[in-house]
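Student: Keeping the supplied structure of chain A fixed, place chains B, C and D upon it in accordance with the hints.
Protein chains: 4
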Amino acid sequence: MADIGFGVIGAGYMGKAYAIALSQVSTVYEMPHRAVKRVIATSDAAGARGRARDFGFERGTGDWRDLLAADDVQAVAIASPTFLHADMAVAALQAGKHVICEKPLGRTAREAAQMAKAAQASGRVTMTGFNYVKNPATQLAHQIIAGGDIGEVIHFSATHVEDYLMDPALPHDWRQVAAHVGRAGALGDIASHAINLAHFLVGPVAEVVGMRQTVHAQRPAGDGMAAVENDDQAQFLMRFASGVPGSIAASRIHAGRKMGLTYEVVGTRGTVRFDQERMAELQFYDAADRKGRQGFRTILAAPGHGDYGRFCIGAGHGFGYNDMIVVEMAEFIRAITEETPAWPDFAAAVHTAAVVDAVLASCDQGGWIDVKAIESEAWA
Amino acid sequence: MADIGFGVIGAGYMGKAYAIALSQVSTVYEMPHRAVKRVIATSDAAGARGRARDFGFERGTGDWRDLLAADDVQAVAIASPTFLHADMAVAALQAGKHVICEKPLGRTAREAAQMAKAAQASGRVTMTGFNYVKNPATQLAHQIIAGGDIGEVIHFSATHVEDYLMDPALPHDWRQVAAHVGRAGALGDIASHAINLAHFLVGPVAEVVGMRQTVHAQRPAGDGMAAVENDDQAQFLMRFASGVPGSIAASRIHAGRKMGLTYEVVGTRGTVRFDQERMAELQFYDAADRKGRQGFRTILAAPGHGDYGRFCIGAGHGFGYNDMIVVEMAEFIRAITEETPAWPDFAAAVHTAAVVDAVLASCDQGGWIDVKAIESEAWA
Amino acid sequence: MADIGFGVIGAGYMGKAYAIALSQVSTVYEMPHRAVKRVIATSDAAGARGRARDFGFERGTGDWRDLLAADDVQAVAIASPTFLHADMAVAALQAGKHVICEKPLGRTAREAAQMAKAAQASGRVTMTGFNYVKNPATQLAHQIIAGGDIGEVIHFSATHVEDYLMDPALPHDWRQVAAHVGRAGALGDIASHAINLAHFLVGPVAEVVGMRQTVHAQRPAGDGMAAVENDDQAQFLMRFASGVPGSIAASRIHAGRKMGLTYEVVGTRGTVRFDQERMAELQFYDAADRKGRQGFRTILAAPGHGDYGRFCIGAGHGFGYNDMIVVEMAEFIRAITEETPAWPDFAAAVHTAAVVDAVLASCDQGGWIDVKAIESEAWA
Amino acid sequence: MADIGFGVIGAGYMGKAYAIALSQVSTVYEMPHRAVKRVIATSDAAGARGRARDFGFERGTGDWRDLLAADDVQAVAIASPTFLHADMAVAALQAGKHVICEKPLGRTAREAAQMAKAAQASGRVTMTGFNYVKNPATQLAHQIIAGGDIGEVIHFSATHVEDYLMDPALPHDWRQVAAHVGRAGALGDIASHAINLAHFLVGPVAEVVGMRQTVHAQRPAGDGMAAVENDDQAQFLMRFASGVPGSIAASRIHAGRKMGLTYEVVGTRGTVRFDQERMAELQFYDAADRKGRQGFRTILAAPGHGDYGRFCIGAGHGFGYNDMIVVEMAEFIRAITEETPAWPDFAAAVHTAAVVDAVLASCDQGGWIDVKAIESEAWA
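Protein chains in written order, with the numbering used here: chain A, 516 to 895; chain B, 516 to 895; chain C, 516 to 895; chain D, 516 to 895.
Chain A extracted, bound-state conformation (with noise of 0.2 Å):
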């Protein structure tokens, strides 16, 4: 099998994540081609060429259409601001590279649809970067639920809440410009990833009812203030599709809490319940343990769970967050070379983006909002 070129658009963040995954895929997955490390794309040509060196790139370039164009280059990651992956997607696509790109896809459901219609006409192997439903833990509760473990499942709820703008004093930034990254700020920037574990875990969602505040209005920007353009915090009420009700609630200012990916899904006989701050970790009661002996019992990851065996035999012995950008791309290097399914693909983040873009709707019109309805327009 010959190897796979990477481009990663973007070196920031993500693009150091997507970075350090692929330096380690093909060795902890074991696999018979190596992902390589060909090219990374910033937005000036100087810092790029840095950023390969100190990444482990074979080059570096100041423009992102010079990495399309590459012929030693077969699938890219987009790490950019919201606004640009549109624009990188649909090009790399029609380029005929493969893609994973990160969350949100697009700042609209509308703007996902356009990339997963792109997609759906290239042919090509598309991702979304929810990298959380990765996590060997997530796969056990998925592989429980799906299982009937718990039974039939009457309720879900999930938030996902964090605190790194909870200081009013923090600069402005593009995360609070509509225009970069949409109406949608905590809603879009991490509701997005309960949304998607809700959709993996019970399936797609109906309709909703939401509210959103904005409680730092404005922020400090230059010798000024300038204006907070979406959410701090949002919460919605949902049905799935199966009627099944839930909730979820996100905060970019929740105080105390970094990673406060969590969710709780209840069945007729049992319930299985997550925190991502103890992430190796998954609690779950089975109501058919004995009388009086019955708990929740604490299920550290382990061999068997998800992906965990592939990078540690020892079960219990931690499994951490860029672990599961590996898991990710592996996935998603599996889907290139044998042709198995990624998920969630371009088309299933339209869903996602359906749900928010119908929250927002809620929010400016005080009920419930049907999702399907959304959904259809976006992809008309």
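Incorrect hints may have been included.
Copies of the same chain look alike in the list, so a pair counts if it works inside one copy or between any two.
What the hints assert, rightly or not - Result set (DSS-like, lysine-lysine): computed pairs, CA atoms no more than 30 Å apart in a straight line:
1) Lys649 to Lys552
2) Lys806 to Lys649
3) Lys632 to Lys552
4) Lys806 to Lys887
These are computed hints drawn from the structure, not numbers from a lab. Just so you know, these numbers come straight off a predicted model, no measurement behind them.
Tutor: Relative to the frame of chain A, chains B, C and D by itself:
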């Protein structure tokens, strides 16, 4: 100071809890007067005499009106099914007794308001049995919030989820009959605790939107099945009068949770969170802690937190379910003997009932409902 | 059945705890007879009368020998400083009273054995106040171990660590005087709880090796400093008579732990572990659980675990410090009225004292010490 | 700066871990040079070539001496069974290679000292694979202790307990053969991690007293049974050179614990505690916190704690098992390229081995054993 004679109506779960509390309250609080267990009333005279012996009352009666007629009874505790509360409480107040009544106060806000109006007319002390609010950990939470230690409150969330009815084979009982407890099931029985805590910690609620589900629509009754007339679980979003957003979820079929009364209050400078299953702990995040050393701290209940020190002078030595009832009873007695305030009195409980009614209306009508209008109407 | 009249000697921390327990025990257990608080004795008559009023005793006395002479007192609870236990308990037994005495029973194994011999001579019921053994979570641990659910026991470890003396500025008091409490400080005062639990859960101890430290060698006394005559912390290894290895650590200066009585019992097929700071939980690992779903489960105390159901019929609703004393008192009373066994009686407490003495000898001499020899000598 | 060529000996658990670490270390640390995976050696040539492909090495060899002879290899990682460490490490050092070797360094302190002497003679960089010491949470613990934030250290306790051999039906293997790994079983294999942490956090150990047990004395081997020649579990008390008391327990049959490397360090003004199963958290109690608000706080690993920020700039986002190996490898490489210190080097590992030997001697002889004497003798 003279002793305070007590009559208790009902000898089930809460009737016994009141008897236990009355047995020890004067010793725990080293009161100059003693609470005296005079009469217990149940539905048959022989049974009542037996319970009087079991619980150490001076006498038992099969007619609660006898109890109200007794001159040596100054205070009455009502621990009967909900649909009896109003008649008993109003009669007790008219007989000049002070009254502590189990929650929910009435089947509707209107019924609760009738009781509250009788209380106002009587000039007697009343209290509603939302005992969880008396937990030292929650008293500490209130102190932290009210003292500004978490800054301005920006978010509230709570659950009260248990699994006592998760087994669909459990027989139909009066708690599933609308005429006995009202149309609200888990919403009325246990969400009401969470609503009362929201009221205590953050303030009154202005509007709600919600949904509810009866997962097990029928339950065994005799040889057949009977319809369950109220909800097994319910969820709602809310806005407090102060503008703070929040949410509450309640369930009586939430697998694995035995006393899942939890809350989290987020402020601009910190957060408190609590889980009644670890009832003697409060989690507190203080953003003012030194950088690199910040984290949620587990504060163990100790002297100085609410009335903990009355029970034990050793910090972290433990605080139990019945102890909360003792605190509640002490507050009720002090309100009688020293004319200090008791909270939640009947009037405060009307607000909780109005929130429940508003959620019911939202479930019926499908959108946001104004709580104030419902509460005003109840009092009208 | 006639009532049981109680006299309590001492009105401090444990004196009040006994008063609270006596107030409610008959109601909690729905006993056919009632425990009656007859007399409380303290060191001065006026104070005793005040405490009698505070705690609801019929009368107070400044002379504990008066209390023993009272015909309406059948049972005595001793809550005085350790050096007074032997005189009081022996006199009480000789006066025909049943006796429950605070721990540690005596200052040495020999003193404890003198008390135990007086108990045997009297034929009266005795009990030693190792109340933690009565916790429902620990009763469940015992049931799991004794029932073979964790297989054969292969390891035991425990701590009892608190921080009540961590501040070196705290004044010198009688607990640091060897003549009052013995040469063992944390070792005698709190390790004794852990030793008694070891005895209860695994069996008698055969040999020990240990060390101990007085970290704060002097404490303020009046205008100067006084020497601390016993240990602030101690640690020892042990072998049970069954051959099982174990260890215990104790401290009164362990920063942050308020009630750090913990134990873990490992078997060939499972493990139980416990922390008194979360006193209503037991952690249980069952190796028989399905592969891939194994983990420590948190069992919340519930009806069916020890006497929990006497206090509350709701699982996981909470169990507190004073509740343990109630269980203890109920067992003591039943032993009087129904001739059921009470444990730990004075004889059982001699074993705990012998382990303490053996650790002291090991600290003096430097190696392993045989407990049996010390215990035999104490009884001689 | 030139690249650093690596050879890895062994392709099992730790061999793969080293390969994963070498793949990403230069990217994670943005190093000016790159670690290059040149050669992997296993016991047969064909297998080695396969592993080279799996793990991305340039070539494989069936003879580790070939690897040492390679000019393009500057550094060697030894991940073979213990009894091979000394020969391989000494030969590698003599060949001028820098060496990182798996723990335990040798089968005895004497063997470890031979390796350390070879290291000193060579002038090359050495490191021993006690990777847990590189965890950011533990680096934070070290910073808190060394910075005086918990005052003067007064107590240390640790465990390293796992259950990988709890099933008596597991087959006999080389880890149970004294000639291969030494007389110390769990004591050598995993207590050594806890000892190294004690050394890192508190300092060298002066004396010990211990015991150990082989619970499953025989294990299946072919058609019969073979004797287990070392301990399944061990426990010991210790005194540090500073006088601080401590204890360590180790087990490979501790039901339910998968990575039970825990420690607690108590000081006069605070405490830190840690459990590797929640490897990205440190518990910290600061007695200087405001009264009534004190409690153990859960500090999530974040940038600023050890090298966490190299991997991810999001606080609390997670840190995994392999990440520790990356930190270790980075320190090893920096020691080569920048002549910064690497710890624990071979000399430091001799101390750990001497503590293990002292515990063995104590188990043989029954009392306290001086570690210094054993360590001096090993170096002699």
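Student: Going through the earlier hints one by one, which of them does the structure break, listed in rising order?
Tutor: When the structure is compared with the hints, only number 4 turns out to be violated.
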